[in-house]
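S.K.: Protein chains in written order, with my numbering: chain B, 1 to 315; chain U, 316 to 697.
Heads up, a few of these hints could be off.
Unchecked claim - Capping the alpha-carbon separation at 16 Å, the derived lysine to aspartate or glutamate pairs in EDC-like fashion look like this:
hint, chain 1, residue 1, chain 2, residue 2
1, U, K527, B, E162
2, U, K366, U, E387
3, U, K527, B, E92
4, U, K527, B, D86
5, U, K332, B, E92
Calculated directly from the structure, the hints in this document are not laboratory data.
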Amino acid sequence: MSETIVEVKNLVKRYKELIALDNFNMKIEKGEVFGLLGPNGSGKTTTINCILSLLDFDNGEIDVFGEKMKSNRFDLKKKIGIVMQDVAVFDELSVEENIDYFCGLYIDDKNLRKQYVDEAIKFVGLEDFTKFKPKKLSGGLLRRLNIACGIAHKPELIILDEPTVAVDPQSRNKILEGITELNKQGATIIYTSHYMEEVEQICTHILIMDKGKNVTEGTADELKRSIKNTENIIVYIKNLDKKHIEAINNINHVYEVSYMSGRLQIKCAGGRHNITHVISYFADNNLDYDRIYSELPTLNDVFLEITGKNLRDKE
Amino acid sequence: MFINILKNQLRLGLRNKSNIFWTLMFPIILGTLFYVTFGGIYDEYNSEAIKTAVVFESDNETTNNNIKTYLESLEMNDHKMLDIIYTDYETALDMLKDDEKVNGIISVHETGKLSLDINSNGVLSTIQENITTIYNQNVELIEKVSKEHPEKLMDVLKGVMSRVSYINTHAMGGDNKDPFISYFYNLIAMAAMFAALNSVRIGNNCQANMSKVGARTNAAPVNRMVFQAAGFIASYIVQTLIVFVAITYLMFGLKIDFGGEKLFVYITTAFASLVGTSLGFFVGNIGSFEMEKKEGILVGITLTGCALSGLMYGDMKAIITENVPIINKINPAAVISDSYYSLNMFGTSGRYTEAVMYMLILSAVFIVLAIVMGRRNHYDSI
Chain B
1 MSETIVEVKN LVKRYKELIA LDNFNMKIEK GEVFGLLGPN GSGKTTTINC
51 ILSLLDFDNG EIDVFGEKMK SNRFDLKKKI GIVMQDVAVF DELSVEENID
101 YFCGLYIDDK NLRKQYVDEA IKFVGLEDFT KFKPKKLSGG LLRRLNIACG
151 IAHKPELIIL DEPTVAVDPQ SRNKILEGIT ELNKQGATII YTSHYMEEVE
201 QICTHILIMD KGKNVTEGTA DELKRSIKNT ENIIVYIKNL DKKHIEAINN
251 INHVYEVSYM SGRLQIKCAG GRHNITHVIS YFADNNLDYD RIYSELPTLN
301 DVFLEITGKN LRDKE
Chain U
316 MFINILKNQL RLGLRNKSNI FWTLMFPIIL GTLFYVTFGG IYDEYNSEAI
366 KTAVVFESDN ETTNNNIKTY LESLEMNDHK MLDIIYTDYE TALDMLKDDE
416 KVNGIISVHE TGKLSLDINS NGVLSTIQEN ITTIYNQNVE LIEKVSKEHP
466 EKLMDVLKGV MSRVSYINTH AMGGDNKDPF ISYFYNLIAM AAMFAALNSV
516 RIGNNCQANM SKVGARTNAA PVNRMVFQAA GFIASYIVQT LIVFVAITYL
566 MFGLKIDFGG EKLFVYITTA FASLVGTSLG FFVGNIGSFE MEKKEGILVG
616 ITLTGCALSG LMYGDMKAII TENVPIINKI NPAAVISDSY YSLNMFGTSG
666 RYTEAVMYML ILSAVFIVLA IVMGRRNHYD SI
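Here chain B stands alone, though its shape is the one from the complex (with noise of 0.2 Å):
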């Protein structure tokens, strides 16, 4: 039988006139590398506050490890683990120093302390810049000691709020990696990411939400299977007529075509080998094109068909 690590029950945070979570429901079994997911402003980052007890909240229920989640359940704080949004160290503290100050927040013993710091040191891949004040780590080397000093205390549940933001592929590479071996090691995992790849990658669980609410959720290949676009065929091919389009658009399954710089996108909705048909009326009609390929939906049409294309940031 699963265990449950966090339950969010009707959760409802008000900032003024503002909704930012509107009776938001959540669930994390243990073991999980769960994806939470959202626009800006959707209330992923007041959802991680109000689990960690730093925010208060209008109504709902938190409980974490299946007990209610307080800002002195210091019992309860001491098996998490946060990586936060931004970079949260101290400038005058060195690499080693930074991870044993916040290492030294959970673990008392020096010795133990001294080993998990090691290891911290050694799983982010810093055994190079032990010594580097982080004013002269690169982004990529300061994400991954805000990551170390969050997990060095090895924590049951870890908390990432999107901690890839700016680095490079290689440094996202070595974190992604070192999410999965955490999990691998038994912590569970809450990952926020605006990367859907990322998302896609690593996370066995995926939720998405909008304007503080629950919209959907399940893994990958569910989310997937949820939506109405079920093949994307792209075509390159210069000057279609319109009358083409709008013909395109009537072969049976196509249900949305744009066309834009050379490139027709062409949505289908049930079955995945819409392609004969297009490939045919191309044939049909003695059009010549470049190249025709079919892709299968990605996670990140799963999100804009879900939560739309509107620009949130300008809300």
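Take the given structure of chain B and dock chain U to it, following the hints.
M.R.: Leaving out everything else, chain U in the frame of chain B:
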């Protein structure tokens, strides 16, 4: 856990270069400038008696003789305070116009009171003014008590005699008769108050809605009071060490004599540092606005406080005492400089104890306010 936090907070304080500059280099540089600037003036006035014309406008020989005895008995640094020329008023005026001959004219009136004529303000004129003012105050006091409470006259006379004695030994600064020493008191007050620039970070680093580190700290299984206490102690230790270095340089490097026993100068400095640390602790907890604004507030409080206690203009504190005395009781710089002044003038007597108590009360108020404001556990927004 507390020790680990304390150890790292000490590291943070000792590696905060801008804070170390302001609190250590600033008093050292400014102290050296004060020393160079005031040194020449002080040596000049300290080396010889002040040329003073005394004019008797009264025919009362008893009064005249008493005043003559009083003025001639005044001493400073083992030499006469005044070099007196007895003459008539017209001649005295001619001599006053020529600064080389006299620095001021003390006239003795029929009423038994003294008046002073000077042609320019300066240290020597201030000394002459103090002499006449204190004498006149004594005369008024005796007259008033003779009329209203004659039975207390003997007690008052004893007090007046000790005051005359006080003029002799302490008029220009007790152990240290340097009239410019108050500038150094205020300089140390400023250095001690700059402690606030270090301790202001304590609140910031503990509150989730004030800094990124604060948010991480609040997520940890440690009571915020532990952070606050460790941060405060670390900040206080660092700051006291820094101000100790500064005052050691002033006392032993520049040979500035703060008066009183040196041990008590250091003890006073430790209390002064407590005031500064508490002030920063308080400001750091007052709201969730940016650190830069809090530092700006502290620099403003420090500079204004020091200006009002006489860092820029020596007589400012006296002006405040005369017009708005309450300011000197709540202005941390004034409270700190008054402690050094009391130590110098009165030693470790009741006056000094009272001044130290003021520092402790002020510190306690700041600390209590900081704790009250900083103890919230939840935030409406981060």
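S.K.: If a hint holds in the structure, say so; if it does not, say that too.
M.R.: Checked hints:
no., hint, result
1, K527(U) <-> E162(B), "holds, 14 Å"
2, K366(U) <-> E387(U), "holds, 12 Å"
3, K527(U) <-> E92(B), "holds, 15 Å"
4, K527(U) <-> D86(B), "holds, 7 Å"
5, K332(U) <-> E92(B), "holds, 9 Å"
The structure fails none of the hints (numbered hints given earlier).
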